[in-house]
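Asker: Assemble the whole structure, with the sequences as input and the hints as a guide.
Protein chains in written order, with our numbering: chain A, 1 to 110; chain B, 1001 to 1110.
Hint data in this document are derived by calculation from the structure and do not stem from the laboratory. Ideal placement from N, C-alpha and C gives every residue a C-beta, glycine not left out. Some hints here could point you the wrong way.
[Unchecked claim] Short, incomplete list of chain A residues facing chain B, as computed with Cβ under 7 Å:
hint, residue
1, Gly-24
2, Pro-26
3, Val-29
4, Phe-36
5, Cys-43
6, Gly-51
7, Leu-61
8, Glu-75
9, Cys-82
2 protein chains.
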Amino acid sequence: MGLTKTEIFNDQQNEIASFAKVIGHPARVAILQQLFKIDTCHCGDLVSEIGLAQPTISQHLKELKQIGLIKGNVEGTSVCYCIDAVNWAKMKNIMLQFLNQDLPKIDDCC
Amino acid sequence: MGLTKTEIFNDQQNEIASFAKVIGHPARVAILQQLFKIDTCHCGDLVSEIGLAQPTISQHLKELKQIGLIKGNVEGTSVCYCIDAVNWAKMKNIMLQFLNQDLPKIDDCC
DNA sequence: TTTATTAATTGCAATATTACGATTAATATT
DNA sequence: AATATTAATCGTAATATTGCAATTAATAAA
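Answerer: Next up, the structure:
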């Protein structure tokens, strides 16, 4: 009924899905790539770089911050965003573990 | 307005987001893990294993099949699903490239 | 041919997401 | 104090997602 039944899955499954979900929008992929490229930047920079309205970018930044992949420092009237290295590494390990599962020996079904 | 502006992003960004989006639900994570664990299985097995209704599992299988991560073989009245090894490897490479981006030298913002 | 089994499809309700205009909040500058 | 700058928040419209009951489709078994 429109809401995910998280309670029937284990913590690992929910965590993998949560991280993947946040990465599952091209605007957030673009924001993360830009932060990797230029280390730090402001919301306004991302607005002009990406081409979505300021409230939209702000909303995507909020989601990235909420899950811990980025952090923001207030600098006067501006806010400086950057990758949260520790949490990025944590997320990366969780995703790598999932992606690196051993493929079955037999390539085809049944 | 409710729809992602894919046209303002490049192919790589859209592809990363598409793969991540499909993995961004715990039921699909669970389905993939189960297929890795037991190599092949039927829709009914996943229904009893995961605990969602049959139409719901069927819908998730459809999404996984649509993006190419799994394939299904018809076997009488049953369908045998398995990981699509080639496409899984392709997806993995795309995601690894994104996850392995070099972290900035300075850990903190600005 | 009738019945059983299995999975896809349809239709629907509830909720979530995406995007943006308008406004607000907070700080700088004049 | 008045004004400018920057980003967050609010409100809203459009669309997407999640989940399931009911049904349908397809094959197997009797």
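Asker: If a hint holds in the structure, say so; if it does not, say that too.
Answerer: These are the hints, each one checked on the structure:
Given hint, Gly-24 (chain A) at the interface with chain B, holds; its Cβ is 3 Å from that chain's nearest Cβ, closer than 7 Å. The beta carbon of Pro-26 (chain A) is positioned within 7 Å of a beta carbon in chain B (closest approach about 4 Å), and the interface hint is therefore held. Satisfaction of the interface hint for Val-29 (chain A) is found here, the shortest Cβ-Cβ separation to chain B being roughly 5 Å, below the 7 Å cut-off. Taken as an interface hint, Phe-36 (chain A) checks out: its beta carbon lies about 4 Å from the nearest beta carbon of chain B, inside 7 Å.
Contact between Cys-43 (chain A) and chain B, as hinted, is not supported at the beta carbon level, the nearest pair being about 13 Å apart and thus beyond 7 Å. At a threshold of 7 Å, the smallest CB-CB gap from Gly-51 (chain A) to chain B is about 5 Å, leaving the interface hint in force. About 13 Å separates the beta-carbon of Leu-61 (chain A) from the nearest beta-carbon of chain B, more than 7 Å, and the hint is not met. Of the supplied interface hints, the one on Glu-75 (chain A) holds, with its beta-carbon coming within about 6 Å of a beta-carbon of chain B, less than 7 Å.
Here the hint on Cys-82 (chain A) is kept, as its CB sits about 4 Å from the closest CB of chain B, short of 7 Å.
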